[in-house]
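Here is how the chains run, residue by residue.
Protein chains: 2
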Amino acid sequence: MSSISIIGLGGMGRAIGARAVEGGHAVEVVGRDAAKAKDLAAALGGGATAGTFGTAPAGDIVILAVPNASAVPVVAQYGDALAGKVIIDITNPMKADATGLTTPDGTSAAQEIAKAAPASAHVVKAFNTVFGHVLAPGRPLDVLFAGDDARAKASVSAFIESLGLRPLDAGGLEMAHWLEGTGLLMINLARHGVGDFNFALGVSNLS
Amino acid sequence: MSSISIIGLGGMGRAIGARAVEGGHAVEVVGRDAAKAKDLAAALGGGATAGTFGTAPAGDIVILAVPNASAVPVVAQYGDALAGKVIIDITNPMKADATGLTTPDGTSAAQEIAKAAPASAHVVKAFNTVFGHVLAPGRPLDVLFAGDDARAKASVSAFIESLGLRPLDAGGLEMAHWLEGTGLLMINLARHGVGDFNFALGVSNLS
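Protein chains in written order, with the working numbering: chain A, 1186 to 1392; chain B, 1186 to 1392.
One should not assume that every hint holds.
[Claimed, not checked] Simulated pairs of lysine-lysine, DSBU-like, Cα-Cα distance not exceeding 35 Å:
id, chain 1, residue 1, chain 2, residue 2
1, B, Lys1223, B, Lys1300
2, B, Lys1280, A, Lys1300
3, B, Lys1223, B, Lys1280
4, A, Lys1300, A, Lys1221
5, B, Lys1223, A, Lys1280
6, A, Lys1280, A, Lys1221
7, A, Lys1280, B, Lys1280
[To be verified] Take a look, some chain A residues computed to stay more than 12 Å from chain B by CB distance:
id, residue
8, Asp1224
9, Ala1228
10, Leu1229
11, Ser1255
12, Gly1264
13, Pro1303
14, Gly1356
Simulated from the structure, these hints should not be mistaken for laboratory data.
Idealized CB from N, CA, C, for every residue including glycine.
For reference, chain A alone in the conformation it holds in the complex:
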């Protein structure tokens, strides 16, 4: 069991929160709207609590589940309150028309978040290639992740597995750019008739 804080009260935070409660984790949800955070904690059940936005999260793992445009500002606002944390960046830095990313070549949302976070925090990219609404029902999906710190990655990998999902290690944080591109690709597949947005990307072992 891990202690998990989820910053962000949207669909993806809710979906991961539900699976984390199911997985027996201590879950804290945090948002700028304290009443909404309290409602979400109650809806999640399983002893989930509501934290205070901007103060040190209770969880060792902090899931940054805010819109991508807010991610760096939120991390900057938290500042040292995120010291020592494993931060999971689930965001998709996508142009509104889904023709490209808002982050240039050579960086990624995850890397920009890492720059904004305390040096003792470790950012792992994960979950951005899973649609929130397919994550919800408890299916065994693949979760690709990438990061630079081996211990942080091991902790995120164990967390993913505890949710009944399969962690797939894509390498160092420089791969976050390509995971974010994969998120973009999924939107474009969906727009061109693949699976009506009701699909998951993953890997089949062929041994």
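Position chain B relative to chain A; hints supplied.
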């Protein structure tokens, strides 16, 4: 049945050629080494023929199965011999250490090939997210593709389907950059213990 020319005598050309023969297509294989092309045609069987490098290919669909670094030079050398063709670019423009692509943001191998090809040719990116050695045995895998010309895409989609594979339309040719990034991601997944290179990337419909 389509007529298919495959330029390039490596593993990927051979694997697609074998499936194309199996699918009942007229297959021509072409390489700089005429003797090797003749040997490959004989090995493929099913009436496969060897064409002459640099002259107009017999196939309506031309599969460019040369190493990425050779792709643009080969297309430039062919010049007008590729007029009116549907060109499938299967290449992965990858740095030797697989840490990134050799093509910058905002373009792709496929788009550079399209610039080098005659205006009447249409480039479709496809097959670069499938390892050649898993393609070979006849499994029903997903093939992601992208392109700008609707007729060329329809023809490539039908070709993919005729091989017993599932075509997944990722959108316009600007998505080739992200398909190429997905190829890179697959190498990095493999290097981090996923499936020992013996896996396929695809989509699960969850309806």
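Problem set entry | Violated constraints from the hint list, given by number and in increasing order | Result: hints 5, 14 break, sorted rising.
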